[in-house]
Each structure stands twice: as C-alpha cells, then as structure tokens.
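Enquirer: Now for the letters of each chain:
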Amino acid sequence: MMRISKLTALALVFLSLCLTGMATAAQTEESGSGDRIAKLTIGTINQINDANPWDYYFGVYSMMLSHQGLVRFNKNGDLDPELATSWETEDLQKWTFHLRDNATWHDGKPVTAQDFKFTVDYDLEKDPLSKSYIGTIESVEAPDDKTVIINLVKPDYNFLTTIAVVKTIPEHIFKSVDDPKKFNDLEAAIGCGPYKFESFDKDAGIVTYQANENYWGGMPAIDTIQLRMFKNPDAMMLAFQKGEIDLPYYYSKGISYYYVPKLLENDDIGIEVYLERGITNVLWFNTAVSPFDDKELRQALSYALDYEELRNMFTAGYGTTPSAGWIPDGTLYFTETRTLAQDLNLSGTMLDSLGFKDVDGDGLREMPDGDKFQPKLLTRSDLPDSVRAAEMLKKYFAQAGVDIQIDLADKSTHGEILDEKKTHEMALAGTTFWGMMMGEGYGSGYTDTRYYGWSMVSDPEYQSLVDDLGKTQDTEERKELAAEIQSYYAEEMPQFAVYSMNIIQPYNARLEGWEYNPLHGILSYGTLFNLHRA
Amino acid sequence: MHPSIAGLVSHAPLRVAGLSSLILFLSIALFAPLIAPYDPQETGSPYQPPNAEHRLGTNDIGQDILSELIYATRVSLAIGFMAGSISIIIGATLGMLAGYYRGRIEELVMAISDVVLLVPGLPLMIILAAYLSPSMWNIIFVVGLLWWCSTTRVVHSRVLQLREMPFVEAARSLGAGDGYIMLHHILINCKEIIQAKFALAVASAMLTEASLSFLGLGDPLNISWGEMIHFAFSRGGFANDMWWWYLPPGLMICASVLGFVMISMEPERSQKALEL
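From first to last, the protein sequence lines are chains A and B.
The first sequence maps to residues 1 to 534 in the numbering used here.
The second sequence maps to residues 535 to 810 in the numbering used here.
None of these hints come from the bench; they were simulated from the model.
Within a straight-line C-alpha distance of at most 25 Å, the following computed DMTMM-like cross-link-like pairs (lysine to aspartate or glutamate) qualify:
no.	chain 1	residue 1	chain 2	residue 2
1	A	Lys394	B	Asp573
2	A	Lys109	A	Glu213
3	A	Lys262	B	Asp775
4	A	Lys253	B	Asp775
5	A	Lys182	A	Asp50
6	A	Lys253	A	Asp382
7	A	Lys167	A	Asp123
8	A	Lys376	A	Glu425
9	A	Lys395	B	Glu587
10	A	Lys395	B	Asp573
11	A	Lys182	A	Glu420
12	A	Lys395	B	Glu576
13	A	Lys242	B	Asp775
14	A	Lys479	A	Asp459
15	A	Lys181	A	Asp382
16	A	Lys394	B	Glu576
Next comes chain B alone, as it looks inside the complex:
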C-alpha cells in the first residue's frame, strides 16, 4: 500500500471507509445504465423469486428488483444531496450572518431556529409531505427547509469565536469589508464544520426521505429505496416473506447513511484538536 494512503487509513479509518462507500454509491448511481441488467421500467412476470435471469427476483409488476435497486440509488442520492445542499446553504448563511453581525439579526435567526428546532421534525415533515402533493421535489423542499437549524447553531457558535480572533481584527483594521472577511476568513475556517454537517444533512435527508416514502408520502413515480420498501410493504412483499424485495433497499439505506456518518466523524475530532 502507498505510504500516504496507508497513513490516511491509519489516521482516519472511518473517513476512508465512509469515502469509499460514498464513491461506491456514486459510481452505482452514475453508471446505473451500464450496471443494471434490465431497464427498471420494463415489466414482465410479477413476484418471481431470485433466479438466474433476475438475481433479486421481480416485483409486483414484474420489474427486475436488482435493476430497480441500482437505479433507485440515483433518486435516493439525488434527494439526499439536494435536500442536504439546501439545508446547508440556508444553515451556513444564516449562521454566519447571525454570528458575524450579532444584534437583531442574531436574535431573529436564533429565535426562528429555536422555534423550528422545538417542532418535532419528522411529524412536521409528515404533515407537510401529506399536504403537498407527492413529488420528489416536494420531499427535497420539505427536508431541505427543515434541516438547517442545527447547522445554523453550530456555524453561529464557530463564527462567534472567529470574529474575535486577531487575524479577523487585523483584516478589519486593514480596511477589509464584511463580505470579504466572511468569505475569505470566516467561511474558510468554518469549512470543516460545514463539511461535517453537510455529510450528516445528506444522511438525515436520505433517512427522512426513506421514512416519508415508506409511509406512502414519497413520489411513487421516482423510485427510491424508500419507495421500493413502500411497495414491498403494500403489495404483498412482507406478507409473503419476499426478503429479496424489501431487504436489499433497507441495506442500501443503512450502508449509505453509515457512510455519510463516518465521513463526518473524523473532521469533528480534528476540528476539536485545532480548537484546543
């Protein structure tokens, strides 16, 4: 093994494992048409158990479950990344503004985030998802708009520390504007926190999407892993012990969420070390 890779593995094994799993899932999503044995929309003989033609059998309308599983990676990851991005953009922006400017902006942002944090997340998302029509974009919108608060609070705390540091004061005394300082000095020093929160936000978004889809509030026309479990659970998969239908998407959800969580764990430790 290359010394630098070996060093990285020994220094941050969880992060390497997480990154490897992320690369694997991204590759599955990107190369789905090359990997999947069938078009996931193609219908045929339903409820087939695993066999030579269909490694994971077929679902209730005769679609190849393995192909569906591979294509569902795209939807699940896309929802996770997009919802995670929305929540991180909102969370980091508000956290920086609140921490840097303080005063009324800080009070307002913190008050709003307190209110949103007080509301139980999943039940609220269930209500919103039920109220809005079932579509992939609504799920992204709902999850993205409700997952920003914890990022705001963490970024806000970090910015409170940074804004008092000598290098920020020095930049300010040299005439640097607020925008310049925030982009070039504050944001860059919040990078690791934001990266870690982004990984967790993606994982949370994927888990939330799976929960909403399982409950029948997802978008049945864009099959994600959660939707696969939903159909297995409402069209005879569970009642007939068809583990090959509901278990693989469940394992994919677990593995991908675990991967994102592992990515976020190491930087947290190094960040703490820096702070010390």
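The following block holds chain A by itself, in its conformation from the complex:
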C-alpha cells in the first residue's frame, strides 16, 4: 500500500509539473486613468536567474526598461540620443559625448560623466567577456560632470553601435562591489531608465517594474510592467490565447509559425511580421582547428543541406532561403550572392577529392588518415527548434556520408564554449540584430577572433577588410568593403545560414501604440511611451 501511494505521489508530481505552465496568472490588464495602461503583462521563455544586470536576460530587460546608455536604437535601426544629447569625433578614434543635465538614478542621485567612466572601467575589469566588444576602448575621461571622452586604440566608424549596449551603472552603488555577478541586492538593479525594478519572485518566475515618475523623459505610458517567465513556449502561447498575458516576447526573436493559425482566430490578438535583421540559425565552423581550417571542406559540407526543406519545415512562408554571402537581406549594402542549395553529388565529389572517403564500406566517410570522421555539432539542448534543426542536419550530412555527432549543451555551457573556450568543431546558433552590427558590422563580431569570433577567423585578408571598415567614412568605399566582406563569406564559408525566419510578433490588439525596433523588437522605447488602450 505504501509503495503504491509513493507511486501515486510521483504521478501527482508529474501531473502538477505538467500543469505548472498552465496555471492561471494574475489579471493582466487593468483600467488606468484615461488611456494609460495600469499593468502590462509580458510572457517570455527567456529565463532570468538573478535580478542582477550581469545575468544575461535580466541585463537584456534592464537595457529596455531600467537602464540606459549614451545612445539607443530607434525604430529604423539608427541611433538616437539617450543619456548623451550630442557627440562628436574628428578621427573616429576620440569620441566626445555631452550628457543631459536632468538624468537621475532611481535613488535620486544625478547621473554624471564619472558614472559612465566608472561603468566602462568596471566592465573591463570585472567581466572578461566585455573585452569582446569594448576591448578597443583605451581610456575614458570625465573632464566634468556632463562630458565623456572616449579614446579608442584605433579608429572605429561603428563605435556608436558598440557603445549603445553599454548600460550605465551607478558608481556610488558599485564602487564597493567586488563581484557584481553575486551582488543580488535590490540596489544592484538601480538604473536611470523609465522603469524602476521593483521585485523578482524567483519561485513564481515574475519580475515587476514600476514607472519612474522622475524620469528625465517624462512618465512612461504603462504604470506597472510584469514579466512572467514560462519554461515552455506552448504554455506561454496558451496563456496568451486566454488573455493572461498581453505580449509573448522573446529577445531578438519572434514566435514560431505554427502558432499563427490559432492566433488568427482570435479578434483580440494582432500579428505583425518584421524583417529579421539577425539570422535564426547558423552553422559555425571553428576554422582554427583541423580539418575545418580547409575552406573546401566547409564548402563541401554546405552543399549537403536541403535549404528548401529546412525553410519549409522551420519557417513555413515566413522565411527565406539563405545565400552564401551570409549577411541578411535588409542590411545596409547587402549584395546578392549565390543562393544556397543542396547538391549532394558536388558535396560527395569535393569530399572525395579532399580524401574523405568511405574506406570500410559502412556508408560513412573516414578522414584522409583513416580515422573515423565524426565531427561534433554543438547544439543548445534547451531550444527544441535547435535540437530539431540539428536532427535534420544529421540526416543531411549522413546522406553525404558524414556522421556528425550532436553535442547537446545547455545555454550557459554552449555560451561558455563559443565565447570563451572555443573547443567546438561545429556549432549551431542564431545571431541577433546587434550581434550582426557589433565589431565593424557585417557579422565581424561573430567571425573575427579579435571579437567574439565564434568561427575563429584570424585570416589577415579578412581582418584587413574589418579594419578598413573601421576607418573608412566614404560611402562608396564602405559599399565596396561591404561587398568584399560578403564575397569573402561566400567563398570562405567560415559559417553559413541554415535558415532564417522573419519576426512574427503577436500582441494584445486591445492596446494600441506598439512600436517595433530591430534591437528590442516590440518592447521598444516607443512602445513604453506610446502604448494606450484602443
């Protein structure tokens, strides 16, 4: 009897876990005065672990709501003033920013140039990864409270894009904090943005922000923003269909296409489709390790994939077949390169000529030295779309006689390998709008070893192109450099897109004023100030 009751208890736990994501949430929208929104509930599967700006996703939401940088992206993807009202540079190497007078921290203290200097120095000292994007900053000066001078080690045309994601932190809070990643005090989330962090209920998975009435840009349109985390996208979409959340949101992504038919039946739900400025899934090669340092092998592998089937399966009508030049259409100075297409004969011929042949007759190729050729494909285990894409890639590569091994890793391990250890052979991961803009743009931040360098390219020819982009202001020359870098990708294939899907963004249609920007999507600065009841 005892044994049966234990089993029953286990079954109940299983059932309760099944139902966790479906539990009814608190009321999501309340009437405010006039057209104001009293509460906006956002559902997401982005998992916040600590209310600490160094937590990846808390950092992302902080940047949207509670923290600010010198400049920010607008709805066209251009840069607008934020804490800085104006800036100038003569040589692209020394940048001077003039800060606004009336910005204050959430605890009432003024935001000063010294705070920004402290932020950059602190980031570089405490976070080794920050060198991957602000490592070119030589020094920061704060000659007075409202002037920031940033000196770079080399000219950087794209510097405003880089500095746009550096969120300013208060010196008076952090100067005594040695390990910011472990500093989870309420003060850790003090920023100077339109929303103040209020609470993080880790067990319930709810983060709450309140409008900042002392914000320099005036009171935002929503009084309370509640971020509700879901473990599972279906649970989130069911909650959205039932009106429990106002917005299903993924940072830098939209929802999957298979949710659309149900949503179309609901009059209270609106759907917009935006051009993807990142790439949904990319196959990366570690070009610093053998045999992936051979471009012909990379090319041969690129011919193994059935891009049409991948597009149909993972994007339906919302995606495009990628091209060899890698850079997504819509990027400034995008050039047409050959569309990627499956050609198993060509793939096989190229692999044969490189010495990758099936010696033992098992249908799978061996390396030129006779060892088994079983490259590892690093894949995020927590993203079902990626796992499924990896399964499809395994099938395609097997058709070309290549036995890839899917190496599953959770988000942090996957990130650690790609960003720091660089022990991968091949990896599957998407890119974001800002990611494609970082470094000197055109995906150089992901490619060049001097930045994040997921594909570990240190080829002088490539790095010379990147450096030229950094110091060239002439429009025609930049256009030529952009074309050259895309030709480089098409020829060398340090990475290539597997498929890419436009951003499908549903929202509560009873609210109006949603505004999209390519960095933060529909949770943009414009939305925070323009949203109102329809």
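Given the coordinates of chain A, assemble chain B onto it according to the supplied hints.
Expert: Showing chain B alone in chain A's frame:
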C-alpha cells in the same frame, strides 16, 4: 479456457493483466521494425492530422507519429528496465548485507538510505539531470542510483526475519558459509519481494524518465514517450490541440506503468500470506 490458465486468472487476475500488458509492450518493442509503418527518423510534411497514410499524423518535422510511438516503446522500456535493474541490484545487495551482518554495516547502510530517502527524489533528479548532459545513460544512472533505498529497507526487514529462522541456523551449524547461506537460503526467500520491488522500480523509473523528458531534461536524440510529449508541448502540439501527438504517448506511459504496478500487487498479498 485451459483450467490452469483459468485458475491463474481467478487466483491472480491483476497479475495476469499486468503480465499480459508487459508481454504486449515487450512485443511492440522487439518487433518495432515489423510493426511500424515507417522509419521513425524519416522526415516529410510536418503537422499532418491523422490520415490514411499516417494513422496518427506527423510531428513537427514530418515524422510518422505512430512509428515514433512504436519505436519509443524500446527507449522507454529500456530506460525503465535498466534503471530498475540498477536500483534493484544496489537495493537488494545492500539490504541483504545490512540485514544479515547487522552491526556497523547495517548502521551505515540504513543511515545512507535514510539520508537519500529524506531528499525529495524528483527535484534531486531534476537537478542531477540538469547538471549532467542530457543523455539516455545519464537518466538511467540518475534514476537507478536514487531508487534503491526503499528496496534496501524492505529486503533488510525480510532478511532480519530470515536470518533467525531455524533452517538458516541449521545451515550455519552444518558449516555453510555466509555467501552460501545468503545466496541459497536468504536470497531465494526474498525473491518475491525483490520481484515486486523490481516491477515497481521499473514503473517508477519509466514515470521519472517521462517527467524528466517532459521537462526537457531527457535525451532528445533517443525518443521516448516522455520526449514525444516534450516536443509536442514545445513545438506547437498543445497550443494547436494536436491530441494525436501528445495523447498516445501519455496513454502508453499510463498503461505500461499500470501493468508493472499490477504485476507487483499479487505477490505482495501471497507474501503476506506466507508470513502469516
């Protein structure tokens, strides 16, 4: 009906039902390539509802759900049997040693099992499964190493009774060694308890594997019933009411676990009768 079969059914109906269900599931697992209409890895047109070609439709990457369901029986049963075997081998061995030798060994084994029993099982397994990389072997390892305690305690109690019985004393007085007594007299008399615990351990392991897989901590490259539900729940199956995707694996889990539980129920009663 043959008299002996009829007698067995009337004497132990639950056990017969459980055994029948076990034989059915084992047959599905063994003859999967003959029964399944398609190769479960074969992809095609995704999200098809049940139709003449695909009786249970297709999943998110166009694989035939019926074929996947049939092949998943292999993975689910294999995980259940292997994890159940590990837990039963550890549990029965420790229980026998503790009950037979008593003293420090007994104190140590009972103390460890108390500690493991105190820790809530499923949350601990979730943490371990999340910490280890997602693979079928890690699930077997985690479940197997955490399900032995109750077997240890039951076997230990039984051995405490047996070691004092006259036939054990007689064997000992005739010069039989500890190993011989444990294998030939103690183990044989714990057989029914161990069988019952094994059936429950397999059922528990299958249920735990399904829970872990559902939560995304399973091995997505070895599709079990739990993994099928996981993908249905994370790739649009639930949100689009595709019952043909998530309901069949759920029913298979229920039926197989129920089968194992039924097998374990009758011997418990007969064991009690023997003790009386």
